[in-house]
Amino acid sequence: MSCTVSSIRASSTRRTIIATVKPQDAIAPIVAPAAVGDTDLIDEVDLAPVRTYWQLVRRRFLRHRMAVISLVILAVLIAYAVLVPLLTGDLYKDPSLRQVWDPPSFPDAPLGYDEIGQNEFVRLAKATQTSLMVGFAAVLIIAGLGSLVGAISGYVGGATDNILMRFVDIVLTLPVLFLILMIVGFFGQGNVWVVIIAIGITGWTLAARLIRGEFLMLREMDFVAAAKALGAGHRRIIFRHMLPPATGPLIVACAIGVADAVVIEAALSFLGFGISPPEASLGNMLTNAQTYFVRAPLMVIWPGIILVLMVISASFLGDGLRDALDPRQRIDVK
Amino acid sequence: MFQYMVRRLLQAIPILIGVSIIVFLIVYAAPGDPTDRFRTPRVPPEQIEALIRAYGLDKPLPEQYLAWVTTFFQVWRPEAWGYSFQDGLPVLQKVMSRMPATFLLMGVSLIITVVLAIPIGVLAAVRQYSWTDKIITTTATIGYALPSFLLGTYVLWLGGVLLKQWTGGAIGFPLFGMESLSKRGDPLDVAWHMVLPITALVILGVAAWSRYMRSSMLDVLHQDYVRTARAKGLPRRKVLYKHALRNALIPIVTLLGLSIPTLIAGAAITESIFTWPGLGSMYIEAVRILDYPVILALVMLTGVFVIMGNLLADVMYGLVDPRIKY
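As they're listed, the protein sequences go chains F and R. Each residue of the first sequence is one higher than the last, beginning at 54 in our numbering. Each residue of the second sequence is one higher than the last, beginning at 1061 in our numbering.
Rather than coming from a laboratory, the hints here were simulated on the basis of the structure. No residue lacks a Cβ here, since even glycine has one placed at the ideal position from N, Cα and C. Misleading hints may appear alongside valid ones.
Distance ranges between label pairs, derived from CB positions [said to hold, decoys possible]: (1) L136(F) <-> R1068(R): 33 to 43 Å; (2) Y1377(R) <-> P156(F): 21 to 31 Å; (3) L351(F) <-> V1255(R): 44 to 54 Å; (4) W246(F) <-> T1335(R): 22 to 32 Å.
What the simulated footprint calls covered on chain R by chain F, stretch by stretch (three residues with Cβ under 8 Å from a Cβ of chain F suffice, anywhere in the stretch; the number is not a length) [what the hints assert, rightly or not]: (5) 1082-1088; (6) 1144-1151.
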């Protein structure tokens, strides 16, 4: 009976319990008499518990040291970006003439005050929040547009595929930074939503290509043919049968997308097209700090460190997730 | 080969048309029109309407597009790209006058980048998993993640401000521009101004290129013919440099072709930080004052360069790799 218990322990969802317990229950009465007094045989069965896909993903991910460290760093940054502005409200844009250039003090202002007496630590938190918000919002557009175009292209194929892929070629030919600058310049400088949409509608091509590739492969798979034979509609086949196995590449494209979007937003704000003071952005904090290179050199360092940490962790996280989500890497895990 | 090039050039035409349509539509959808800057109380409405007719802004959209795109490609006419809103000069002339500065900066930094990145990448690949490799790969990863505006700011700060402080004002690189007002046309002075922007560009470039070089070299080193060459007793150096390196350079040559468009668009932010008078900083200035003709011209020009770069990459690939047949 011990083998059944261990399979229940190893599986987390109800569906797998049913799937794993049933055959073993059927076999158990036949095997058990032969194995009386010889517990080694049962132990050997115990050593290979059934694991669900997500358990395997977790194990593979945890073995990727840099990805785990990146996840922790990102979690800390997100906590910083969410909690500090939540607790301090509008303090990030409150100037105070009495505190101009005040040195760091604990616990109120660990990074001191800037040239108009704004609390640097709080302002940095708000800027991180802006960056993450732009990054995630832009990635929603990228993932949405990318999987829409990619799924249609890969699922329908033929002339539709050809036309959509030529369109992707055209978008890839356009210089991304120039295009984003142009859209932001024309449709509203300093508007965070214009920045998000500009990043989104110029950055979906990688996601579209990855999803298309997966769909072209999945379309020929037996389980899709089976679903079709059972009378499933196009929508059911796409959303229920083809999109779930294609999430791996999509998540990787999203990780790259977040990193790119964060950098582009910061660059736009740095050049004066994105978010402008008194609102806080890593880019405009850096522009501001440039004026005070000599007076307050650390003001140049902090936004840079946060930005680089975000970009590096997002890309390592993407690497880790790509390896972890790839179902073909099952053999790797003991 | 010739046939292949002609076919590729013909394939590029629809893409170029698509690019021009998208760019045109974005400008068309933008709020306001080119007469906005004349709409002051002192200009009578009849004159504005006359301007709208003169610019052809009252015509239907397809007609406007055709009129623009057909003039745009007549580059032998000085007015083909229109006149800048900023100073009324022909855009073609403005772009041409800015081009040498960009080509100089990007050309020199690309050469330095490649010359540094190839040995670094090879070293990391040959000593895979050693400390040398780990240091190189980690540094390259960090460099790869550095946004260009951040690196530019830091280089400016270290080389322009801190260095001057530390050396008591003895050494300090210029913070902006391409030449000093008192020494116009002096090549040494231009070179002095180039040091900081080139440093920034080379750091970014080497981070990326050494990674490509390392993985390309590793691919080759794991192939059977390299093992065979070693097994039959050839010296290690000869195997590395004669057999492996030459094949590892093939993808790098392709990348060179693909980096042609960055000669124009790649360094807009770096140029802007160091106020280098090139095309990239010109673009950013144009967006700042909504100088439509300049914006349109530079986006289209970059699109053309991207297409040409792709074509060049394919052709060079065929030239350096005899296995490729067209």
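Going through the hints against the structure:
1. Between L136(F) and R1068(R) the C-beta distance comes to about 55 Å, which lies outside the given range of 33 to 43 Å.
2. Separation of Y1377(R) from P156(F) is about 58 Å and departs from the stated range, judged on CB atoms against 21 to 31 Å.
3. The beta-carbon spacing between L351(F) and V1255(R), approximately 26 Å, falls outside the hinted interval of 44 to 54 Å.
4. Remark: the range hint 22 to 32 Å for W246(F) to T1335(R) is upheld by a beta-carbon distance near 31 Å.
5. Coverage of the region 1082-1088 of chain R by chain F holds [criterion: at least 3 residues with CB-CB distance below 8 Å; count 4].
6. With 0 residues having a Cβ less than 8 Å from any Cβ of chain F, the region 1144-1151 of chain R misses the three-residue criterion, and the hint is violated.
Of the numbered hints listed earlier, those contradicted by the structure are 1, 2, 3 and 6.
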